[in-house]
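Asker: Start from chain A and add chains B and C according to the hints.
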Amino acid sequence: MAELRVETVERAVEKGNWQRFRESDFFYSFKRSPVAIVSFAVVCILVLSAVFAPLIAPTNPFDPASLNLMNGFTPPMEPNAFTGESFFMGTDDQGRDVFSTILYGMRISLFVGAAAVLFAMTLGIVLGLVSGYFGGWTETIIMRIADVQLTFPSILVAMLIFGIAKGFTPVEYRDQMAIWVLILAIGLSDWVQFARVVRGATLVEKRKEYVAAARLIGRSPWAIMVKHILPNALSPVLVIATISLALAIIAEATLSFLGVGAPPTQPSLGTLIRIGQGFLFSGEWWILFFPACTLLALALSVNLLGDWLRDALNPRLR
Amino acid sequence: MTGPVLSIRDLSVEIPTRAGVVKPVDGVSYDIGRGEILGVVGESGAGKSMAGNAVIGLLNPPAHISAGEIWLEGARIDPLQGEAMRRLRGKEIGMVFQDPLTSLNPLLKIGDQLTETILTHLPVSREEAERRAIAALDEVGIPGAAQRIDSYPHEFSGGMRQRVVIALALCAEPSLIIADEPTTALDVSVQAQIIALLRRLCRDRGTAVMLITHDMGVIAEAADRVAVMYAGRLAELGPVREVLTRPQHPYTDGLMASTPLASQARNRLHQIPGSMPRLTDLPDGCAFHPRCPLVQAQCRQNPHPNIGKGRAACWFPLIERAAE
Amino acid sequence: MLAFIIRRVGQSILVLLIVGLVAFSMFRFIGDPIDNMLGQERTMEDVERLRAQLGLDQPFPVQYFRFLEGAVQGNFGVSYRQGRPVAEIILERAPATLELALVSGIFAVVLGIALGVFTAIRRQGIGANVIMAASLIGVSLPTFLIGILLIYLFSVELGWLPSFGRGQTVMIGENWSTGFLTESGLKALILPAITLGLYQMTLIMRLVRSEMLEVLRQDYIRFARARGLKDRAVYFRHALKNTMVPVVTVIGLQIGSIIAFAIITETVFQWPGVGLLFINAIQFVDIPVMAAYLMLISVMFVGINLIVDILYVFIDPRLRVDRAGAH
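Sequence order for the protein chains is A, B and C. Per my numbering, the very first residue in the first sequence carries number 1; after that it's consecutive. Per my numbering, the very first residue in the second sequence carries number 1; after that it's consecutive. Per my numbering, the very first residue in the third sequence carries number 1; after that it's consecutive.
Please keep in mind that the hints were generated in silico from the structure rather than gathered at the bench. Ideal Cβ positions, reconstructed from N, Cα and C, are used throughout, including at glycine. Some clues are possibly wrong.
[Claimed, not checked] Below, simulated EDC-like cross-link-like pairs (lysine to aspartate or glutamate); rule was C-alpha separation at most 16 Å, straight line: (1) B:K23 x B:D284; (2) C:K230 x B:E83; (3) C:K241 x C:D231; (4) C:K241 x B:D112; (5) B:K91 x B:E173; (6) B:K23 x B:D281.
[As the list claims (entries may be wrong)] Residues from chain C that keep clear of chain B, each with C-beta distances beyond 10 Å, as calculated: (7) A3; (8) E45; (9) R51; (10) L68; (11) G70; (12) V72; (13) F118; (14) A128; (15) S155; (16) E157; (17) V250; (18) N280; (19) V299; (20) G303; (21) N305.
So here's chain A without its partners, still in its complex pose (with noise of 0.2 Å):
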């Protein structure tokens, strides 16, 4: 019986689900909000052009073959002195087009912030989840390791992981896997929120009627966990997923930026500041007002994005 009615009910939310959208308070709430509407856009701009940076992209900053250290310094929009070539961004001391390295470092700043995102929500789900509905033991370790972690500033957490990983790296690889590195570490930084949330909401849930239904008739602790408590606590995780994000991609930056996160052969916006840094004193600002920009603009809108969407989603903490 109560699988019919869960069923039922979910055949009538499938059923025009856009229309139900363009209709949701959710939606109002977004056309009234100027400032959601300006981030939303500036983040898909600039997921986008991420996302299509071979295309977009004037040069190939990574292929020596294109490069002429003649263009090097070359200040935005002016024609270099030797080579008679403009860039809209100007060139870096190599000669790489800053532009087209802002669009590839972009992708590696996202990809970064989004992978770790992912992962961090992951884990925090799945151990919410676990220490919610099952308790005991197996709560008081995880929610022990949280309060723990929680008493240090992520950002620490994430250096201090990275440091671990990379000395377990074998030398040769360090270059190679430091992005994957810098994803477990940002991941691993960011889990406990998640986790509370989602053990806050099963908390709530499991005591519910419907719950100690779909158990009587068998059903497996997963399958109630996956099907029924989760997606009471799916708004605040993508509010805290999107909040997430901007930190990730901040933490991202400023890891890259100490020299402990993307290296230069695969530059992340954090890198670019960090090479960027190095020509402040000899006039080449470009080199280090572009990717600033990009950043700020990037992790500025995701956060105003997210803002929104917490008043959105949740109007009692208005």
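Answerer: Coordinates of chains B and C only, in the frame set by chain A:
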């Protein structure tokens, strides 16, 4: 001075809202004499607390006094602003709030809260202020006042805390105390003690008390006179015995019938049909007419009457009907 | 009260033991310590001697215990990269980080509380709204970008302040080098201190503001006004003290964060402190330095948490009774 301590004339309070201007207090007049307890009674939202806040100058903006006058000890106080009003608060007018649990600052010793009030208003030394603080606690019946002065609020029971609040309200010897639901948050047994305390202070010191409550029982116990409010307006005003035993306004009558204490003789509690209208959409005519069992055509059309021949603001007070 | 403190101290020690285990595991299992300490030219005797000397032939719990014993005595082994005792390197670098953290901590706390109170009291004012809008951007800016921005403005464009280093330092006693006593030392401190403190400042300000607004709605504030107390007394005696209860916790935790975030600021400004040391240690996988830094910063974080919890009890008299009553 022989005149009333507090005199309110045609007082109106307005709150501009998106749905238009709301009048939580509308043309209310009453006096309180020396040593007198005036009970102000009505349902929540009837404007009784709002009137008290207007007197002490603590209306939350954008609420403001829009018309009328407030006189205290023969001086007009409603135009006073800022610093001048602040000097009056605590010094001339003391206030007691509903919940003694939340009206004391949890982090300050009660002695410190008393002395700071005394030192703010009276030109005395710190030692003298402390002596007076102990005397005030003693007066409100806190045993071992000299020792309890260093206690924090959480170390007192609810009733004792309300005594501390009362001590705070009168430690600078004001001529008027506004007690806003002072017994509502207390146990029934403690309520009687607090009422007895208010009565004693009133008698001994000659302080005037505005006792705001929704509880007819408290009014019957404590008040000398009673003002019944409905939807921001005064419904009936008179000596407590007469209003309680022979109400003239149909609303007061309904209120009495629905109070367990006064309706013991009747078989079952009476209910007034409907509920008080929201201030944003008051009916034309007398505000009570949609719920009045004795409503007539005039009540629906003509604005609410002032208190006329009898004690009640009613076109057809019960006294006339009884005579007919 | 005493039982509460004992329990909290017990918990803290447990956390430190776990962190110690992590640090020790790093030390023991990442690479081979012997390889790291001896170069290519070595004999079997050297290896065996060092193995025995380091206690690597002992069972794991014994090694862990010895490691802890050493750590408590300030013995964290020898840096792989510099070949000097880690404790010595850290001691040499600690004053730089502590002075920087102290100045930016004071900057963050004083300005944060002052601006928080100001924006709460003058909630509708133009000034308060401008500050709130600015703080929103401040929270989203990554620390290192703030640092670079300040360097660009005050060092590159205006040339007023140095962009890196500590300036001239003076030795106080044998171990403490201070930048407080020279003009160049003080000048060098300004930009890093602002960079490090700005984020914490905005955080404290926003927290103080929201807590203060919450407190100002309370009955006892109304009652304080009804007693005719002066605005100053209402805001600073009655409201601020109640605001401080939750704020102190956060400020305590922020002090820990300042030391941790010093890593970033020190890198931007090439400030010769412990944070820069840690970053270099990660870059070169200098495990003893990483382990020592982890241990030290954990002791600090756990210690601060403990102090904050105990402080809490002193600020709020209600907890003194409740907690003691629970036992």
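Asker: Give a verdict on every hint.
Answerer: Verification of the hints:
For the proposed pair K23 (chain B) and D284 (chain B), the alpha carbon gap of about 14 Å is at most 16 Å, so the pair holds. About 8 Å separates the Cα atoms of K230 (chain C) and E83 (chain B), which keeps this hinted pair within 16 Å; it holds. Straight-line distance between C-alpha atoms of K241 (chain C) and D231 (chain C) comes to about 14 Å, which keeps the hinted pair within the 16 Å bound. Between K241 (chain C) and D112 (chain B), the direct Cα distance comes to roughly 14 Å. Compliance with the 16 Å bound is thereby established for this hinted pair.
Of the supplied pair hints, the one linking K91 (chain B) and E173 (chain B) holds, its CA atoms being roughly 7 Å apart against a limit of 16 Å. Taking the CA atoms of K23 (chain B) and D281 (chain B), the gap is about 11 Å. The hint holds against a cut of 16 Å. Taking the minimum C-beta to C-beta distance to chain B, about 20 Å, the non-interface status of A3 (chain C) holds against the 10 Å cut. Taking the minimum C-beta to C-beta distance to chain B, about 69 Å, the non-interface status of E45 (chain C) holds against the 10 Å cut.
Residue placement check: R51 (chain C) keeps its beta carbon more than 10 Å from all beta carbons of chain B (closest about 60 Å). With 10 Å as the threshold on Cβ separation, the claim that L68 (chain C) sits away from chain B holds: the shortest Cβ distance comes to roughly 41 Å. Every CB of chain B lies more than 10 Å from the CB of G70 (chain C), the least distance being 45 Å, so the non-interface label holds. Taking the minimum C-beta to C-beta distance to chain B, about 39 Å, the non-interface status of V72 (chain C) holds against the 10 Å cut.
For F118 (chain C), the non-interface assignment is confirmed: its Cβ lies about 20 Å from the closest Cβ of chain B, beyond the 10 Å cut-off. The beta carbon of A128 (chain C) is kept farther than 10 Å from every beta carbon of chain B, the shortest such distance being approximately 16 Å. Every CB of chain B lies more than 10 Å from the CB of S155 (chain C), the least distance being 46 Å, so the non-interface label holds. Consistency note on E157 (chain C): stated as away from chain B, and its beta-carbon is indeed over 10 Å from all of that chain's, at 46 Å minimum.
Against chain B, the non-interface label of V250 (chain C) holds: every CB pair exceeds 10 Å, the least being about 18 Å. For N280 (chain C), the non-interface assignment is confirmed: its Cβ lies about 47 Å from the closest Cβ of chain B, beyond the 10 Å cut-off. Distance check for V299 (chain C) against chain B: the nearest CB is about 31 Å away, which clears 10 Å, and the non-interface claim stands. Against chain B, the non-interface label of G303 (chain C) holds: every CB pair exceeds 10 Å, the least being about 26 Å.
Chain B leaves N305 (chain C) outside its interface by the beta-carbon criterion, the shortest separation being 22 Å against a cut-off of 10 Å.
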